[in-house]
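Work out the full structure: start from the sequences and follow the hints.
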Amino acid sequence: MGSVNAYVVADDELIAAVRAGCTQSFGLLIDRYYSRIQTYLVRQTRDHHLAADLTQQTFLEAFRSCARLPDASSFPAWLYRIALNLTRHEWRRGRVRYVHSLEWVATEAGLGSEVPTSPDQTDECHERMLVQQVLAELNPALREVLLLSSLAGFRSKEIAYILTISDMAARQRISRAKQEFRLRYNILSRGNDDEEMFFSEYESGGVC
Amino acid sequence: MKKCSFPSTNLVAYADGELDATQQRVVEVHLQDCAACRQLLAGFKEVDQLIQQHTPEIDDPARRANLRAQIADEPH
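These protein sequence lines map, in sequence, to chains L and F. For the first sequence, the numbering used here gives the first residue as 1, with consecutive numbering after it. For the second sequence, the numbering used here gives the first residue as 1001, with consecutive numbering after it.
Calculated from the structure, these hints are not laboratory results.
Simulated coverage check for chain L against chain F, where a stretch passes if three residues somewhere in it have a Cβ under 8 Å from a Cβ of chain F:
| # | region |
| --- | --- |
| 1 | 21 to 31 |
| 2 | 57 to 66 |
| 3 | 128 to 140 |
| 4 | 152 to 166 |
| 5 | 179 to 189 |
C-beta atoms are modelled at their ideal positions from N, C-alpha and C, and glycine is treated no differently.
Below, the structure written as structure tokens:
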């Protein structure tokens, strides 16, 4: 019984193949990045349908313009930049509405109609709600940076490229976003009357 | 805890691995003596972990397959 040689083709090799006319290679890039881009766009727009449309537009634009990609190894950052620019275009058109509601937070936490059957599941539920609530309450510019840094894993130079700001400005925003998130998270998780009321409403609705 | 004037942007760059060896050493020496910055750096990592662990990834295999088909039909 031998070992499986699981060679993963690097992005820049796939891009080179696409530029040489191999459409299938772009399909592999779609498989690799589709859910990440969709996740990012859902959290940016708070609209699953709009996010699905923008995800499709992102990849179509990337495919049509991959010859203009300056550095094939920066494909992920370039892809997110396309996604962000499309989102901003929709924002200017008034199609992006930041809906901040209990139901939306529960949806973003991925919580369905299952009732937790163990204390661990309940803790997990609460933790996810806390995190999504803090993200939802953040200033959009800070949330945007957190989605790129903490969730997508981009470094500050890549975030600077995506947001078309300086490296220093990107680092300042990342620092501020993470400090703000942590502060709000700590306040919420310490528990207070408002928080108890929040969870009471949520649990009685049977969403968790 | 005593507040520190060491730029937090240096900690961001350090956490991202974007400093050269000399700059990295400067940060590491500072961290040895500064509990506030160690706490801030640990806080950055905690935020990353919280968001990664508690933000479910969203996928749509049907739409993804449709997109692949659409790309296959695109002139290239």
